[in-house]
Every structure is written in structure tokens, then in C-alpha cells.
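Participant: Sequence order for the protein chains is A and B.
If you use the numbering used here, the first sequence corresponds to residues 286 to 928, in order.
If you use the numbering used here, the second sequence corresponds to residues -17 to 156, in order.
Treat the hints as calculated values from the structure; they're not laboratory data.
Do not rely on the hints blindly, as some may be mistaken.
As the list claims (entries may be wrong) - Straight-line Cα separation of at most 30 Å, DSS-like style, residue types lysine-lysine; simulated pairs:
#1 B/128 x B/153
#2 B/25 x A/421
#3 B/153 x B/138
#4 B/25 x A/691
#5 B/69 x B/128
#6 A/421 x A/697
#7 A/800 x A/817
#8 A/697 x B/25
#9 B/65 x B/142
Stated by the list, open to error - For the chain A half of the interface with chain B, some residues (derived, Cβ under 7 Å), not all of them:
#10 346
#11 359
#12 388
#13 692
#14 713
#15 879
#16 882
Owing to the predicted nature of the structure, the values given are computational and were not obtained by experimental measurement.
Don't be surprised by glycine CBs; every beta carbon is placed ideally from N, CA and C.
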Amino acid sequence: MPVLSHHPTPVIPPVRTFSRHALWLALCLALSGYGSHVGAGTGKPSEVQDLAYGEVLFEFYQERYFDAISRLQQAQERHELDYHAGEAELLLGGMSLSYGLDRAASRLFHRLLNDDVRPEVRDRAWYYLGRIAFQKGRPADAAAALAHIDGLDDASRTPRTQRMVRAEQRMLLGHVRLARGDAAAAVRAFSDWDGAAGDRVYADYNLGIALLAQGETDTAVQLLDRLGTQAAHGSEAHALRDKTNLALGYRLLQAGQPARARPYFDRVRLQGPLSGRALLGAGWADAEQQRYREALLPWLELHGRDGRDLAVQEAWLAVPYAYAQLGAQGRAVELYQEAIEAFAAEGRSLDTAIAALDEGRLIDTLLAAEGTGRSWFWQIAQVPAATHTRYLVDLLATHRFQEAVKNLRDLKDLGDRLDAWAGSVETFEHMIEARRLRHTQHAPRLRGRLDDLDIDATRTRHAQLAEELAHIERSNDALGLMTAQERTTWDRLAAIEARLAALPDDARAQALRDKQARLRGVLLWQVHNDYKARLHSARKELAATVEPLATAAELAARAQVAYATAPAAFEGFDGRIAGLRERVRATRSETDRLLAAQAQWVTRLAQSELLLRKRRVDAYLVQARFALAQTYDQAGAPRAGAP
Amino acid sequence: MRGFVLAALVGLSLSQPGLAADPSDSPPSLDGQIQDLKQEVLKLNRELFALEEELLYPASTQVSVFLSLDVGGTFALDSVQLKIDDKIVTNYLYTERELEAFRRGGVQRLYMGNLKAGRHEVVALFVGQGPAGRDYRRGANLALDKGVGPAYLELKITDKTSKQQPEFVIKEWE
Chain A
286 MPVLSHHPTP
296 VIPPVRTFSR
306 HALWLALCLA
316 LSGYGSHVGA
326 GTGKPSEVQD
336 LAYGEVLFEF
346 YQERYFDAIS
356 RLQQAQERHE
366 LDYHAGEAEL
376 LLGGMSLSYG
386 LDRAASRLFH
396 RLLNDDVRPE
406 VRDRAWYYLG
416 RIAFQKGRPA
426 DAAAALAHID
436 GLDDASRTPR
446 TQRMVRAEQR
456 MLLGHVRLAR
466 GDAAAAVRAF
476 SDWDGAAGDR
486 VYADYNLGIA
496 LLAQGETDTA
506 VQLLDRLGTQ
516 AAHGSEAHAL
526 RDKTNLALGY
536 RLLQAGQPAR
546 ARPYFDRVRL
556 QGPLSGRALL
566 GAGWADAEQQ
576 RYREALLPWL
586 ELHGRDGRDL
596 AVQEAWLAVP
606 YAYAQLGAQG
616 RAVELYQEAI
626 EAFAAEGRSL
636 DTAIAALDEG
646 RLIDTLLAAE
656 GTGRSWFWQI
666 AQVPAATHTR
676 YLVDLLATHR
686 FQEAVKNLRD
696 LKDLGDRLDA
706 WAGSVETFEH
716 MIEARRLRHT
726 QHAPRLRGRL
736 DDLDIDATRT
746 RHAQLAEELA
756 HIERSNDALG
766 LMTAQERTTW
776 DRLAAIEARL
786 AALPDDARAQ
796 ALRDKQARLR
806 GVLLWQVHND
816 YKARLHSARK
826 ELAATVEPLA
836 TAAELAARAQ
846 VAYATAPAAF
856 EGFDGRIAGL
866 RERVRATRSE
876 TDRLLAAQAQ
886 WVTRLAQSEL
896 LLRKRRVDAY
906 LVQARFALAQ
916 TYDQAGAPRA
926 GAP
Chain B
-17 MRGFVLAALV
-7 GLSLSQPGLA
3 ADPSDSPPSL
13 DGQIQDLKQE
23 VLKLNRELFA
33 LEEELLYPAS
43 TQVSVFLSLD
53 VGGTFALDSV
63 QLKIDDKIVT
73 NYLYTERELE
83 AFRRGGVQRL
93 YMGNLKAGRH
103 EVVALFVGQG
113 PAGRDYRRGA
123 NLALDKGVGP
133 AYLELKITDK
143 TSKQQPEFVI
153 KEWE
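Starting from the given sequences, assemble the full structure and let the hints guide the process.
Facilitator: Okay, structure coming up:
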């Protein structure tokens, strides 16, 4: 029987993913509390100075990257970012990365480096470039980018206000160095890490892994042992503690120290996602010490669990193996036979799941879950187990599959947006048509009314009246202020006077002339007597027309402008709308094409993952059959089906 | 047997996916095409928004109302009702996610519409839980003198720390 020392040395990975979500968290950290637009160390964002920037943040913090990027770019085009222009560029770069636009992000950060920017902005640009390179599997380029960050490798030179940002950068530096095989330098980076207290455990864990890689096993075990026993608050902390203990347990098991390994497996939570692997390891730690009865305890616990778990599948083999070692060959035979049936059933289940992938049902499920950010992920995790979803959660646990699904869902989202826009564009066209029709119907009548309106003539008349009044005042011309009735009377008296002048000078004519003169005198007296009051009244009335006349002039001007500009509400849009409609159509079609291609890629990934599982199950099946034969031989019992 | 089985398991248990760089997230050409498409749709989206704004909310009549929130424990916002000239123009119920975005400095464009030049009455009604979890309804109003350009108003909810009470104001941006 081969022993553990024959196993290849497992690579224990560091923690802290560089996924899109982790990037979102890093950006949040940079923006809220420690970024350039906030009060250093207050942990509270300072007041947003540009409304547009606040709008961007509102979308960004809800992980609606498309809307956030779109709004930010619009704000830049419209010069709406007077106060936050610099950090907006960094945010745009970071969001572009989160949205899977690493080429655009890379271009943006390089452009930033060419600008005359503050040193901390340059440092952050280099950090993101390092991050892109690392994500793309180019650790050497990542290291080169990080080397530009002044003082990154010297913790004593960290500016107080940059502490948190620098911690994130140092974390990446450690990962890059580990990826390049420079464990000693990685140890330095993780040792110098000085970030938020809550993240200390991650840095320590990574330090432990780096120390192991460096060969400093005792120091590493000491550090990881401490991490594996300290109190954990929250699911993430618990998961990290489990991971630490599991990693330590297997490391010691590999190093041929099963007795020392055993307690680490016991520390892993029984209900956690790593419990299967821990139970298996605990059993092996006992089995390595020939304590098969004790080994059966964790293995039997594992044996009855969900068969999708590879640890459970191993238990199907490990339990009969332990019984065989204890001399219970009969029980071992039974359990090996059960294992053969279980592996065969699992193999069939995988075949069915692989076939279901071709029908596209998995893709439909992946696209049906709603929500942005991480919410869709948890929805999918809750999907009831069916043929095509049985291995979905396991598939989603792989980084590559997760990223591919994100792109798939992004494409679906783009398609939905384009569909909505296609509807809007159609509405715009109808709106323009309705405006044009209304203008055609109403414009002639409005033109006629505007033409009838002669404000200038009214103004001229007003000016004439003002001049007449001034003249009356200057010449004390009381007659100029007679009422219309008085004017008529005056004219009649003048006519009478003329007619009386033609009469002979007799007594009757004289009496009439006297009467006419009296009436004329009365009228003159009345007019002169009221002159001042009439003058005041005339002035007042003329003054009262000034404002209405001005208002009328303004309204007329507005009506003229409205008439003149009305066509702007529908003219010039036709070509633009037609162009946009065509682009929406073409882009929608391209989206369909890429959605199909990405769906195919996601299916291929799922298939290759399930095929890998199938190969493992097949290999286990062969081993189970071989072990069954061996057990029969050991027991000297006749084989099933043997003559 | 044990060696093979355990080797597979050890490899699995310790190589948690996603923890290291993965250069093969998707085929490079497909990934590049998807990036190009995203960029094109972003551009299209901006142009369509600009068109929509020109058609529906011309600058001469445009009015936008924003909401920002900078409160600690004194007020938990549930909803906002906005009235202009005694007419309800929007009612908005907030999710926890949106409130978190507010707390981090986000600003929401709550309403966009059209108003003629002249005087208008803007009233906002805020509903939520005040100090000690009590139901809380408060209003804020503003007499807006709308000119010929676009108007930008911000509804602000802040802590009035001296009184341990939230404060609701409407600010007009120049």
C-alpha cells in the first residue's frame, strides 16, 4: 500500500482573491475613508462636491458598473466634475476592471501616468496596472509595475494617509512575489503589511503560507497554529480559520506527522464547507497510525453525506479499507460492492448532467437569476437540485467558471438594455412625428396672429402720446386735455360762432352771440379749472401703460422665438435617430452572436469540469473493483458471480 | 489506492480556485470582442441618454432633484415623496443597498422633469425611523425661482448633532 510520502507536494495557496468583487471591495476602501476626497482616517466620506460624482458613487456602491461607468463618462464629457476629476479617473479605471474591461482600464492607467498627477495617484495607477498584469497571469509584469510605487517595499516610508491603500498594494506585492517563486521577498511584503485590523488574519495567513514556501516550517506552523485557534467573528473569519487548520493538518500529514496533524482536522467546523475534507484527513491521520477503529469514526460520518463531494467519494473507499484492515473482510466486501454501485450511479448522474448541458438548460438557469453584484450568485446557489443544476454550485466554486458566467450575464444585460433602447428609439420617432404634425397644423394660425400683432406701432403711438402730453404741459395747453365730449362741444360752439358771425348785427343775433360766448366761457373755465387734475391723471394713465406694453412686447418676442425655434423640437433629429436605431440594431445582433459564443464557452467549461469529475469517478470505480478483488483474495472467499 | 485517492483530494482541498492568477478566464479573442461590445454599448447608452434629454427635458425647462443622505443613527430613511406645485411627481421607497450607497457618499437623481420659468413650490416629505426607532415624518420646502436654464435641487438629510435630530433641507445648486 503506498504511503503519503509518495504524494506530490501540494501547493498551499495564499488567500484574498483578485476577483471582480474583491476589486470592488478594494475600490470601496480607497474611496471611503482613505481616498483623496475624504478626511484622512475619519472613515467617513467627506461631502461630495459634484452632484454627478455622487450619482456615479450611488451606482458604483450598488455594483451597477454599467450605469456607473456610463454616468461617469457622461459627466466627463460634460465637464461636470470640477472637484473630483482626478479621483474620477482612478474610479473609472477601477470600475472598468470590475466590469471586465481590462484593456480600457490599462489604457486609462497608462494615460494617467503620462499626466501630471499627484504621486499617490501615480502609485495607484501603477498598482492597478500591476493588478491587471497579475490577473492576466503575468507576474513579472506585475512586479515591474509595482516596482514603480515609491517606498512600497519599505514599510517605514508609508505616508499616514495612505496606510490602507498601501496595505492593499503590499498584499498584491506579496502575492506577485509568491507567484514568481520569491518566497523570502513575499515574507517581507506580508510581514510589513499594516492595514485594517480585520484584515490582519489574511496577511498573517499569507505570511504563514510564504514561510512554508520559504522552508521556515516551524515558524509557519507556529503562526498558522495561532491563527487556527483564535476567535473568529463572521462567516469569512470562520472560513479562514477552517482553511488554516485544514492546510496545516494536510501539511503535517504529508510531512509524516499524523499524530500532530490530527488535532488540526478536529478544529475544522463540522457544518462548514471544508468539513468533508477535514473528516477525511482526520481518518487518514488515524489510519496512518494504524488506528483504524478510530479512523472509522470520521469516515463513517462522511460516508453517508452527499455523493457529489469528492471527500465523500473517498470515504466510500476508505471505510471498507479500514474494515479490511481490522479483519472485517465480510463487511469490507459489502461496502466495496456498495461503493461500486455508488460510483456507477454517480458516473451515470454525471453523464446525464453532461448531456443536459448540450440542451442549454444550464445556461437558461444561469441567465434567469436576477440581481446585480453578488446577489445573483446566491440566487443560483439556492436553485433546487435538478439534473442540469446538480453540480451548479460546485461549478460556480471555480474562479474560471464564475468569471465566464459573469461575462455571460453581462452580455444578457447588454441585450436587455438594447431591447429597451430599441423601444425608446421608436417612441422618439413617434414623438418627433407628432411634434412635426402639430407644428404643421398650428404654425399658420400662429404666424397670422403674430403678424397681426404690431407691438412697434403701439410703442410709437405711446411715444407720440407722451410727446403730446409734454407739449401740452410745456405750453399750458388746457384745451389739449379736453374730453371727447368737450371737444365735440367746443367744435360745435366754434361752428355756431362762425354761423353767428354771418348774421346781421341785430339784437337777436347779439343775444345769441352772448349766449355762445357764455357757453364757450363756461367750457373754457371748466377745462382750465381741471387742467392740473387732468394733467396728473393723463400722466398717470400713460405711465400705467408702460409695464403692460413691456410685458406684451416680451410675450410677443417669446412667441416669435417659440415660433422660430419650434422646428428645433423635431428638425435635425431624423438622421440622428435613424443612425442610433441602426447602431442599436447592429449592436443587438452582435450581442446575440457573442452571447451564443460565450454560452458555448461556459458550456465547454462546465463540460470539461464535469468530465474531469467523471474521470475521477471512473478511476475510483476501477480502484473499488480492484480493492474488492484484493479483499476477496485476502478473505479467501469466493468472488461474487464466480463459479 | 490510498496514495492516488489522497493525492487527488489533497490537490483539490488546497488549491482553492480563484486564489491565484488565472490567465485563461475565456478565450482571448472572445474576451476582446466582449470588451469591444461593452465599450460600444456604453457609448451608445451615453448618446441615447443625451438624445432623450434633449427631446424630453430641454435645458430651458429642465429641473432635476437629487437626494443625499449623511446621517448616523438619528434617522433611517424609508421613503421620500416629492411634490412640485402641489402635485406629487415621485414617490420612492428605498432598499437597504441604496441606503448603504447613500451612507458611502452616493447621490441619487430622484426626479427629472420640466418646469416653466417662474416661481414654483417644491415640497419633500421624508418618512423613516427617527431617534430611538420612532416613526418619523418630516417635510422640507423651497420656493424655486426657475430661470431659463436648468435647475438643480438637492434634498439633504444630515445629522443635526447638537440636538441629536436629523435635519432636512432643500438646497439649490447654481
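Participant: Each hint needs a verdict: does it hold in this structure or not?
Facilitator: Results for each hint:
1. B/128 x B/153: This hinted pair holds, its Cα atoms lying about 14 Å apart.
2. B/25 x A/421: Holds, because 26 Å separates the two Cα atoms, which is no more than 30 Å.
3. B/153 x B/138: holds (7 Å)
4. B/25 x A/691: holds (21 Å)
5. B/69 x B/128: Given pair residue 69 of chain B, residue 128 of chain B holds - Cα atoms ~17 Å apart, limit 30 Å.
6. A/421 x A/697: holds (24 Å)
7. A/800 x A/817: Judged against 30 Å, a Cα distance of about 28 Å means the pair holds.
8. A/697 x B/25: Roughly 17 Å between the alpha carbons, so the hint for residue 697 of chain A and residue 25 of chain B holds.
9. B/65 x B/142: holds (24 Å)
10. 346: holds (4 Å)
11. 359: With Cβ-Cβ at 5 Å, under 7 Å, it holds.
12. 388: Cβ of residue 388 of chain A sits 6 Å from chain B, so the hint holds.
13. 692: holds (6 Å)
14. 713: Hint holds; residue 713 of chain A Cβ to chain B Cβ min 6 Å, cut 7 Å.
15. 879: holds (6 Å)
16. 882: Holds - the Cβ of residue 882 of chain A comes within 7 Å of chain B, reaching about 6 Å at its closest.
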